[in-house]
Amino acid sequence: MSNNHENHTPVSLRGLSADDPHLQPAARNPERVEKVISISFFIAIIFGLLFIVAYVQNWQPFILGGFLAGSLLLLGIGLVAWGKYLMPRGPFVEDRHEFRSTDEDRAAFAAAIIQRGGGVVKRRKVITGLFAGGMGVFSLGALFPLLRSLGPLPEKTLFHTDWRKDTYAVDITGRRILIDDLAIGSIVTVYPEGEQDSENGQAVDQTVLIRVSNRNFTTMKGRESWAPQGLIAYSKLCTHLGCPVGLYEQQLQLLVCPCHQSMFDVHNGAVPNFGPAPRPLPQLPIYIDSEGYVRAQADFNEPVGPGFWERS
Amino acid sequence: MISSLIKRSVLLSILGIVSAGPLVLFAQSADAVKQPYQTGRIDSGTPNSTKVVKDANGVIISYGNSSIMYNAPSPSLINLGKALYMQNCASCHGAEANGVGASGSYPALVGLGPATVHFWIASGRMPAANPRQIQAMRHKPRLTDDQAKAIAAWVNSLAPSYPFIPEPNLAGASVSNGAALYALNCAACHTIEGMGDALAFGTYAPSLHAVPAVQVVEAIRTGPGNMPRFTGNLSDKQVTDIVKFVTTEIQHPTNPGGLGLGGLGPVAEGFIGLALGTGVLALLGFWVGERDE
Amino acid sequence: MSETLNTKRAKKLAKGPFGNVGHALNEIDDRLGAAKGGRTFLDKIFPDHWSFMLGEIALYSFVILLVTGIFLALYYIPSTAIVTYHGTYMPLYGQKMTEAYASSIDLSFAVRGGLLMRQMHHWACDIFVGALVVHMARVFFTGAFRKPRELNWTIGTTLMTLAIVNGFLGYSLPDDLVSGTGIRIAYSILLSLPVVGSYLAFWIFGGNFPGTMVIPRFFVLHEFIVPLLILGLVGAHLALLVRQKHTQFPGPGKTEDNVVGTPMFPVFMAKTTGFLLIVGGVTAALGAFAQINPIWQFGQYHASNISYAVQPDWYMGFLDGALRIWPSWTFHSFGHTIAFETLIPALILPGLVFNLAYAWPALERKFTGDNAIHHLLDRPSDRAVRTSVGVTTLSFLMILFIASSTDVIANFFQLSLNSVLLAMRILTILVPLIAYPLTYKICKEMQGFKGAGKRKTTNMVTRTSDGEYVATSTPQYVDDIPSHLAPIPVPRFINEVEAPSSDADGNGTRVVDR
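Protein chains in written order, with this note's numbering: chain X, 1 to 312; chain Z, 1001 to 1293; chain B, 2001 to 2514.
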């Protein structure tokens, strides 16, 4: 399609005339483009000044940011337009010089490593081996402070919570829970007395009390005394990935975990019947003491929370 | 002597028969009567409150404290309430408000308390637009607030219960405390921004953005549908804190950062970032670069 | 007077034909010997196809991240010490919170320009990872990773991983309710590793969850270690690009042995600097008008609080989606638990995807037997298998990404949450299964169709005087520009035109010496 064949003959590298078509702007009407670009730069300057005013005057963030955005965008668009439409349009070419080295250089490089270096190693096998061994031991040893100093050994920490025999159940304000506090269909998050203010305590000990009935309730065989007067206590820590299972649906009798939507059956020992959770929520055996307070019979019957290797 | 004995025994047996009848009836409806609202705590939505107002006959007409006053619907509304009930509710809930006999799929209303009845009608969920829907949706109310109170009055007259219709006073409420309580008790279903979200099997937690303060209290205290109820574990003061938080920060967020993007969190932000961020920049890159010949 | 003029002119002449600037450059060359290399560098040719701009979006959004990040680092306090908030945001007034959260709230409300910087930083991250994905896809689909650029592909994939990790670390720093939940999940994923899980978790977090060390350690990683790694790798990435030169699409004048495009100076520098400003401008616009991560609404993270609809940021979405849809198959035997319900979706599946990406250049070399050097790009439709594999992988990742919003989808479309999840499980298998043959077929069809994907031409029908109709192919628009010029090397000197040339063929003018 080109009709400028006369300009395709090779041009001396010594110089190119200034009116060569390759050096001309790409725009058909460069003066008009230049006018548009200058207007956009001018508005960008105004926006930039307004940005300074907005900052000094402490205007709202969206005004501050709006001026910043306008200024940057107009400067950028103007500069791109300058480069695209007003600068020499080319196209230009350069050769890809094969950057692979010559075969002689390659051989010399390989010889330096293999012959010179390899020769040294072969001649001094013992000390090379010992040095390698020393560096290896050091690297292994360096892992110890790097990893082990970071924190304590898990030992049995993951297996227990702070719930013990006769611990009072308290809410987040530290108030002990009375059995009469909870109507059928109620749920409350409780902690062992004394742990409600500690983050670590909240994380591990969090338990939900759900009232499903007025009479003693059995969730599973062997747990006849665990839910007195219809009050069931489950660990709030999801057995999938540890999110608090705070979502209780009282008609469906489901505890739903908001993170990945595991659904636990409240009446049947919090067995998960939908979603990725692998195990039921551990149940805390509780009793109501003579004053009506809710207290634990013992710790949970199994480790709470997500699975880990040592969990048998 | 014998004649007086016979008279007494006849009288007694008549008395027995006469009283047995209602006793039988009462026994039937006793199964249908829900347990009354329970809590031993003071100032938690029952007449066990700081301030109790009784009428001339000793019947409690309102109770509560400086945070929330619970008011019984006026007895003068009972007849109007009955008429409205028969017109709007009886077809599903039964003429005696104990649920339709055979199917039983419509809840019995006896013993639920005025706040429950008032909540469902004032939020427009009842009369149900689609009775077969899994969960009734919030709607423009079909009955006025007074009509709702009237129906509540009549249903309550069948088996008086609590809580009464609340009147929250947000003057002394603490938004900060409400935010903390909301995060612990409510955000799990309603999301921390109050947008609501889907729950199991087609149920959902509704958005809190258009809920008046009274209905927030009623929902918390009565636990409508799948929502759990919060009785003794939240005092009236704590409930008003939550209500103040909901009616200010959740319903009117300041959004100083710009458009709120629907409060959907990272889902919406991701779409905007990809479409309006990377997408727009790629389009601009289309202009900056060249196209093929 | 003439003496002064002579001295002035003499001084000027002494400076050489390029005046003061040239003199300064000579001084620099005396010290660095940089003139030859500098000239070569300025002459470098950049092919400027629009798809090559995508990597620039990533690079410049990283620059914005650095600049805004430095600002934020001057105010953020990486400490889990408990303070009481007494600032201007009333819903938090009087609440106890960590210093990390309190300083983030102060950044948003008390520091002038702080909220804008915070939002720009977060939007820039979303754009950064988005641009990385699109750039990686472009490189993949055009075969730019082939010899000699496999090392650059490896560096790039590593950059992608580091960017995602740094994003996660960064949005977890404010210690708010939503991001804290993400940290809890990360802790549990660590726990699930067989044998070493509990040890790694306790060591990295300094104890049981949450502990007090996680925020300071995330800060060090996010601020220092990972950005250093990214900077170093980006430097290597660009250095390789300069050394090996950019690839280009085949076209008129373009061969395996040359590069056709615009020279570094002044054209490419202008366009790329302009694009940097544009990226900054778009990020500022988003940061100004679209609120992101409103941590003041979420509140301080407490381990027993949780919100619903808590998806992670979008680039972690595929992990969240995989965790949701994967069934609860756990292994529990011999006194040990292997939490496969966590391991497979969170570690093994993404590990497979990324390892496939790392291995791809070698795999393609093996299966096509093609060990030649390639500087010309493929059109995606020309390589049906590669394109189909890429589309299948992307569609798989996209379904996982969509699966992380099951609850939002169920709520928005008023469907049952359970049905949406089951549908996602089915789609995760179905969509990639359909995507592969579909893409393959489309590629094959495009290959068979001459001129597929090219700009259309029209047929201009003219009638000769004999009455014969002749059809010629013309550009779609009659006055379509530009007229095609053959590429020429960058000129060494530009010569001024002294007078209208008397040469009839216009083939150069007289050189004017100064």
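Read the hints as simulated data drawn from the structure, not as lab findings. Note that the structure is predicted; figures quoted are calculated from it, not measured. By construction, the Cβ of each residue, glycine as well, lies at the ideal position given by its N, Cα and C atoms. Watch out, some of these pointers could steer you wrong.
Which chain B residues stay away from chain Z? Per the calculated CB distances, all over 10 Å, these [what the hints assert, rightly or not]:
1) 2141
2) 2195
3) 2212
4) 2244
5) 2271
6) 2283
7) 2298
8) 2404
9) 2411
10) 2448
So the derived label-pair ranges between C-beta atoms look like this [unchecked claim]:
11) X/141 to B/2082: 50 to 60 Å
12) X/128 to Z/1271: 25 to 35 Å
13) X/38 to B/2028: 52 to 62 Å
14) B/2014 to X/60: 36 to 46 Å
15) B/2023 to X/143: 34 to 44 Å
16) X/45 to B/2371: 34 to 44 Å
17) X/45 to B/2373: 41 to 51 Å
From chain X, some residues computed to sit far from chain Z (all C-beta separations above 10 Å) [claimed, not checked]:
18) 17
19) 19
20) 45
21) 55
22) 177
23) 210
24) 249
25) 298
So, going through the hints one by one against the coordinates:
1. 2141: Holds: least Cβ distance 14 Å, greater than 10 Å.
2. 2195: holds (33 Å)
3. 2212: holds (21 Å)
4. 2244: At roughly 20 Å from the nearest Cβ of chain Z, residue 2244 of chain B sits farther out than 10 Å, so the non-interface label holds.
5. 2271: violated (6 Å)
6. 2283: violated (7 Å)
7. 2298: violated (5 Å)
8. 2404: violated (8 Å)
9. 2411: violated (4 Å)
10. 2448: holds (20 Å)
11. X/141 to B/2082: 50 to 60 Å: For residue 141 of chain X and residue 2082 of chain B the Cβ distance comes to about 38 Å; the hint is violated.
12. X/128 to Z/1271: 25 to 35 Å: violated (59 Å)
13. X/38 to B/2028: 52 to 62 Å: With Cβ atoms ~33 Å apart, the hint is violated.
14. B/2014 to X/60: 36 to 46 Å: The hinted range 36 to 46 Å is violated for residue 2014 of chain B and residue 60 of chain X, with Cβ atoms some 59 Å apart.
15. B/2023 to X/143: 34 to 44 Å: violated (57 Å)
16. X/45 to B/2371: 34 to 44 Å: violated (55 Å)
17. X/45 to B/2373: 41 to 51 Å: This hint holds: roughly 49 Å between Cβ atoms.
18. 17: At roughly 25 Å from the nearest Cβ of chain Z, residue 17 of chain X sits farther out than 10 Å, so the non-interface label holds.
19. 19: Holds: least Cβ distance 23 Å, greater than 10 Å.
20. 45: holds (21 Å)
21. 55: holds (16 Å)
22. 177: violated (7 Å)
23. 210: violated (8 Å)
24. 249: At about 4 Å from chain Z, residue 249 of chain X fails to clear the 10 Å cut-off, so the statement is violated.
25. 298: holds (24 Å)
The structure is inconsistent with the numbered hints 5, 6, 7, 8, 9, 11, 12, 13, 14, 15, 16, 22, 23, 24, although it conforms to all the rest.
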